[in-house]
Amino acid sequence: MSIKLNRRSMLRGTGAALALPWLECMTTAKALAGADGPPVRLAFFYVPNGVNMDAWRQATGASAGDPVESSQAAHSPLPQLTGTLAPLEPVKHQITLIQNLAAEHCDGNGAAHEPAGGGFLVGKKCKHSEEPEVGGRSVDQVVAQELGMQTPVDSLALGIDPGHRGDHGYSGTYMSHISWRSKTSPTPLELNPKQLYQRLFRGQTPSQPSWQTAPQNAAEPAEETIETSVLDLVREETHALQHKLGYQDRRKLAEYLDGLRGIERRIAMANSDSYSHHQDAFSEDPLLHADESEIPEIIIPAGQGIPEVYEDHVNLMLDILTLAFQTDTTRVASFMFSYEKSGRSYPEISAPGSHHSTSHHQKDAAKLAQLANINRHHVALFSRMLQKMSQVHEGDSTLLDNVMICYGSGLSDGNRHNNDDLPVLVAGGGGSRFQGGQQLVLPNPTPLCNLYLEMLQRAGLQRKSFGDSTAPLPLPRV
Amino acid sequence: MQRTLQTTRVGVQFAICLVLAALGSSPAAHAQPGRHNEALSWDRNISGIVRKLCWDCHKADDPSGNVDLQADQDLRDIRNHRDKWMRVREVLESKQMPPEDARQLSSEQRELLLVFIDETFNQLDCTTADDPGPAVLRKLNRTEYDNVVQDLTGLDLRLAEAFPPEPVAFGFEGVGGSVSLSAMEVELYHTAARTIVAELKKTDARQPKSDSNVVAAPDHPDPKAALADRQAARVSLEAFAKRAFRRPADTYYINRLLRIYDAARDQSQDHATALGHCRTAILISPRFLFRHEENQPTQEAVFRVGEYELASRLSFFLWSRGPDDKLFAAAESGALLNASGQSQQVQRMLQDERALALVDNFFFQWLDLRQLESHIPDRLAFPDFDRELVDSMRSEARLTLWAIVRDELPITAILDAQRVYVDPRLAKHYGLAWPSPNDSTPQIINLAGDRRRGGLLSSAAVLMLQSDPNRTNIPRRGNFVLGQLLGTPPPPPPPDVPELEVVDDGKSRSLREIFELHRSSPDCQGCHLKIDPIGFALENFDAIGRWRERDGKAEIDPRGVMPSGESIEGIASLKDYLLSQEDKLLRTLASKLLIYALGRGPVASDECTIRRMVEAAQANQLRFSAMATALAESLPMTHRRNPEY
Chain A
1 MSIKLNRRSM LRGTGAALAL PWLECMTTAK ALAGADGPPV RLAFFYVPNG VNMDAWRQAT
61 GASAGDPVES SQAAHSPLPQ LTGTLAPLEP VKHQITLIQN LAAEHCDGNG AAHEPAGGGF
121 LVGKKCKHSE EPEVGGRSVD QVVAQELGMQ TPVDSLALGI DPGHRGDHGY SGTYMSHISW
181 RSKTSPTPLE LNPKQLYQRL FRGQTPSQPS WQTAPQNAAE PAEETIETSV LDLVREETHA
241 LQHKLGYQDR RKLAEYLDGL RGIERRIAMA NSDSYSHHQD AFSEDPLLHA DESEIPEIII
301 PAGQGIPEVY EDHVNLMLDI LTLAFQTDTT RVASFMFSYE KSGRSYPEIS APGSHHSTSH
361 HQKDAAKLAQ LANINRHHVA LFSRMLQKMS QVHEGDSTLL DNVMICYGSG LSDGNRHNND
421 DLPVLVAGGG GSRFQGGQQL VLPNPTPLCN LYLEMLQRAG LQRKSFGDST APLPLPRV
Chain B
1001 MQRTLQTTRV GVQFAICLVL AALGSSPAAH AQPGRHNEAL SWDRNISGIV RKLCWDCHKA
1061 DDPSGNVDLQ ADQDLRDIRN HRDKWMRVRE VLESKQMPPE DARQLSSEQR ELLLVFIDET
1121 FNQLDCTTAD DPGPAVLRKL NRTEYDNVVQ DLTGLDLRLA EAFPPEPVAF GFEGVGGSVS
1181 LSAMEVELYH TAARTIVAEL KKTDARQPKS DSNVVAAPDH PDPKAALADR QAARVSLEAF
1241 AKRAFRRPAD TYYINRLLRI YDAARDQSQD HATALGHCRT AILISPRFLF RHEENQPTQE
1301 AVFRVGEYEL ASRLSFFLWS RGPDDKLFAA AESGALLNAS GQSQQVQRML QDERALALVD
1361 NFFFQWLDLR QLESHIPDRL AFPDFDRELV DSMRSEARLT LWAIVRDELP ITAILDAQRV
1421 YVDPRLAKHY GLAWPSPNDS TPQIINLAGD RRRGGLLSSA AVLMLQSDPN RTNIPRRGNF
1481 VLGQLLGTPP PPPPPDVPEL EVVDDGKSRS LREIFELHRS SPDCQGCHLK IDPIGFALEN
1541 FDAIGRWRER DGKAEIDPRG VMPSGESIEG IASLKDYLLS QEDKLLRTLA SKLLIYALGR
1601 GPVASDECTI RRMVEAAQAN QLRFSAMATA LAESLPMTHR RNPEY
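Going down the list, the sequences are from chains A and B.
First residue of the first sequence? That's 1 in the numbering used here, and the numbers climb one at a time after it.
First residue of the second sequence? That's 1001 in the numbering used here, and the numbers climb one at a time after it.
It is worth saying that the hints were derived from the structure and are not from the lab.
Every residue gets a Cβ at the ideal spot worked out from N, C-alpha and C, and that includes glycine.
Don't take every hint at face value.
Partial list, derived from the structure: chain B residues whose beta carbon lies under 8 Å from chain A [as the list claims (entries may be wrong)]: (1) 1137; (2) 1170; (3) 1235; (4) 1256; (5) 1260; (6) 1280; (7) 1295; (8) 1374; (9) 1376; (10) 1380; (11) 1381; (12) 1383; (13) 1449; (14) 1473.
Below, in silico cross-link-like pairs of lysine-lysine (DSBU-like), each with a Cα-Cα straight-line distance of 35 Å or less [said to hold, decoys possible]: (15) 183/A to 1139/B; (16) 1201/B to 194/A; (17) 1326/B to 127/A; (18) 1201/B to 1084/B; (19) 363/A to 125/A; (20) 363/A to 1553/B; (21) 244/A to 125/A; (22) 194/A to 1242/B; (23) 1326/B to 244/A; (24) 1052/B to 125/A; (25) 1242/B to 244/A; (26) 125/A to 1202/B; (27) 1202/B to 127/A; (28) 1530/B to 1584/B; (29) 1095/B to 125/A; (30) 127/A to 1059/B; (31) 1584/B to 127/A; (32) 125/A to 1139/B; (33) 125/A to 1084/B; (34) 1242/B to 1202/B; (35) 464/A to 1059/B; (36) 124/A to 1139/B; (37) 1530/B to 127/A.
Covered stretches of chain A (chain B as the covering partner; in silico rule of three or more C-beta atoms under 8 Å from a C-beta of chain B) [unchecked claim]: (38) 88-99; (39) 228-234; (40) 393-400.
Based on the sequences and whatever the hints tell you, model everything.
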């Protein structure tokens, strides 16, 4: 039972001068967080159906239709943002636009949209199969597996639309899920803000950690209570059942046992976790909370809890995502603006046609304009979230300084279904590390997985490669 | 030319029959065609032809047209990929393959390949086929979870609505290896269990009971009341666990539950709270959430599933929920394990309202109708559209499918019927007079020979969902009919569809005209020749399924010619054309129903079950119940084998 602190709290807290015995636990905390101060939180944002590439890179002044070529990585300041990226102007200093990334693994036999979605974060090809099977664990889940135990919830996989059946011998699940816990298990997609909010905060008032206490890495085992004996019984049954099952099904029940452990952990945290920052702050030291941001109020519509208007639904989900990061309820998330091949219509922004049909623009000017509208709408919703993150203070920094968000699609031009020259940008400071306000032109093609590798390393994982990565992506640093 | 070919093939087949007859051989379940005839042997001859003439393009890595022939190395592989080889057969017969610029087959080789394919699939001997397929552990899907909870509690809580969408395999949720269970879902189940228990406690409290609610004061325990409470808890938990696990729970388990009950009472919790803990344990038990079936370790071969397991298989198949008391009784008396007893139950269940689950769970997934929840037409283009109209469309689809399930309509009512099941709103949408002004409940309206409506294909629900939000979508509708209904999906479109070069000459063009320009490109032609005539015939229906004569200023021209030569004049002749292919619809329905009922992907011997299902329907006026009964009584439905460890 020790309290873990980092260096800043020792300098600030008056009691810290007397706190020699805490030195040891401070080291532990550093090892866990990988750095001083708030940890780096990762997120992956997916837009389906590729984008209107000309409008996407309009600001860069590149001639229409062609990516900028470069034999080695070169970066330059982002000019005034126009076209699709215009809504990002207020947070431009936290944006790096990346050119010439390619995702070979998003290519599929015959079908384009299924492997583009299913393979996007996995870095390996999807199996051509009605039963979904990707090449391995997706990058967000690699992080969740290693760091997830430090937070109440290991990761979030959020979305808006439930998805659609697959085509051409592919499962529809490839299009609706970018996050995969294992080859055959997509991370369940949360669409309902009400349910999400309840699951994350369980009727308690969310509170922001002071970041002067490090999170505890594991809860103490719960005391023997009626609740735990209920779980014990279920565990006993599950073990007994496991012995009767074949190999495949034993795995399903192993997952079930993991889930039971998760419940036990939450019960334990709720019962005995008086010192963790996941509870209301314990500290007596007023300085510790001096710069705590206000917890925003989340208003969830009555009934089912899903707003009727698309924009409201997205904003609500992203507000909860922001809150989950702010309160350190989780440190890794993915979000899908819709499923791959989505035919959603956006009449509210004068794009009433099917998104998928529109993406097959066949160079028709009206369709290209509609597509650019849709792309810009998504960017605007994303920008709104970034601006909110920039108002959340975390010590000397903001939440936006401490996130690293990949925003992009597994397809480039929706009409061509090509997987090179992808529309990708990175938002956030990655721990006040990145210069931002830059456009980075890479040798063509550079694997998208290079970006993932850089993200994994920024999150503190000791990884040397991911997917078809060749090196960590050289994002311009401060 | 076509004619000579036909004659030759009949000749070759005849020769083979003679050989087989002469040898007096009855082919085994997996007989090899041409075992006695070198020319037809896969290993000795056919594989060589395929390798030489097909593999260049249809290779495992990036196969042309998405048809990978290299993947099938032996007859077993081939039999497992029936659909692929039926497509091969089709393109060989119509001489679409090999393409003109590739090395050509001699006419003898082409004949041999056709006969080989026919023989390979026809020689499957269903009298000895005995493979029920792999045993899978199935999890309750969202629909099933809600139904089962309703049966357990009498409460319609609909908790699973907010569960995350489940992985989809073969077009259905919760099939095969795609079933997953993350920690997050376990947590949702746990939360749901607590909600159910809390709701149950409320209803229990409203029902006055004699002594089971007496709270024994711990300081002055009343041993008699405590004992009565405990007995009441035992009885209640036995019933609850049996319903939840779909079989009686063993005494050991009940005693373990009662230990939890006792511990809670020892902590001065009242009877209802203590009982609640035990119910929570049942509601998060893997035996509740998964449909576990017992192995028989001593059995090496296939064996019949036990009576409770069969009851569960039937009830989840037909009702998407656990067995009711009558089905339990049939299981317990042994009646369910004999053919007539089982048949009786299946008939009863199909007539029961709970069989509506087949409509909502099976048919709605197969026919993409679940998209009704999310599809939003463009309100500027269709100001009349609102949510009530969607409800009316959904109601028509449900009532039509329900009529099929209950044998009021034949299976082919998916394509065509002489009446519609509509409410006043939809009748107006269809331009039909509403017969009873004072009654707005849905009614059957006889169409008196007007074939523009009737059947699901020409229902507003299907026509709208296979459109874009603001306009119709010709290839999408054609693709739906060919792929989803007839089971013959066209290959995926090539990427980078060429731009439409529409000359701006001031003429207003219909969508059809634009499409005809588009498909003049040779890359697109092959498939669009098949897809578009179907889409054209449906052009008389707009993107919310209303009848129309014009598209913009242009008059609709619904005519088209299928590649096989049939000309289609419009909706009525499209219906006739599709009805002439009813066997394809029946086959598609049978194979989808089998995947849905068994919760696993297809295996080679399923072909036997599918054929029996189709034959059963054909022998019984295309009744759905005949097909479903054939499946319920089939070997894969009633048998299993031990899983691989």
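Hint by hint, here is what the structure shows:
no.: 1; hint: 1137; verdict: 4 Å, holds
no.: 2; hint: 1170; verdict: 5 Å, holds
no.: 3; hint: 1235; verdict: 19 Å, violated
no.: 4; hint: 1256; verdict: 6 Å, holds
no.: 5; hint: 1260; verdict: 6 Å, holds
no.: 6; hint: 1280; verdict: 6 Å, holds
no.: 7; hint: 1295; verdict: 6 Å, holds
no.: 8; hint: 1374; verdict: 6 Å, holds
no.: 9; hint: 1376; verdict: 6 Å, holds
no.: 10; hint: 1380; verdict: 6 Å, holds
no.: 11; hint: 1381; verdict: 7 Å, holds
no.: 12; hint: 1383; verdict: 12 Å, violated
no.: 13; hint: 1449; verdict: 35 Å, violated
no.: 14; hint: 1473; verdict: 7 Å, holds
no.: 15; hint: 183/A to 1139/B; verdict: 19 Å, holds
no.: 16; hint: 1201/B to 194/A; verdict: 24 Å, holds
no.: 17; hint: 1326/B to 127/A; verdict: 44 Å, violated
no.: 18; hint: 1201/B to 1084/B; verdict: 55 Å, violated
no.: 19; hint: 363/A to 125/A; verdict: 29 Å, holds
no.: 20; hint: 363/A to 1553/B; verdict: 24 Å, holds
no.: 21; hint: 244/A to 125/A; verdict: 34 Å, holds
no.: 22; hint: 194/A to 1242/B; verdict: 33 Å, holds
no.: 23; hint: 1326/B to 244/A; verdict: 29 Å, holds
no.: 24; hint: 1052/B to 125/A; verdict: 28 Å, holds
no.: 25; hint: 1242/B to 244/A; verdict: 20 Å, holds
no.: 26; hint: 125/A to 1202/B; verdict: 52 Å, violated
no.: 27; hint: 1202/B to 127/A; verdict: 49 Å, violated
no.: 28; hint: 1530/B to 1584/B; verdict: 16 Å, holds
no.: 29; hint: 1095/B to 125/A; verdict: 34 Å, holds
no.: 30; hint: 127/A to 1059/B; verdict: 15 Å, holds
no.: 31; hint: 1584/B to 127/A; verdict: 28 Å, holds
no.: 32; hint: 125/A to 1139/B; verdict: 28 Å, holds
no.: 33; hint: 125/A to 1084/B; verdict: 22 Å, holds
no.: 34; hint: 1242/B to 1202/B; verdict: 22 Å, holds
no.: 35; hint: 464/A to 1059/B; verdict: 34 Å, holds
no.: 36; hint: 124/A to 1139/B; verdict: 28 Å, holds
no.: 37; hint: 1530/B to 127/A; verdict: 28 Å, holds
no.: 38; hint: 88-99; verdict: violated (count 0)
no.: 39; hint: 228-234; verdict: holds (count 4)
no.: 40; hint: 393-400; verdict: violated (count 0)
The structure fails to meet hints 3, 12, 13, 17, 18, 26, 27, 38, 40 from the earlier list, while all remaining hints are met.
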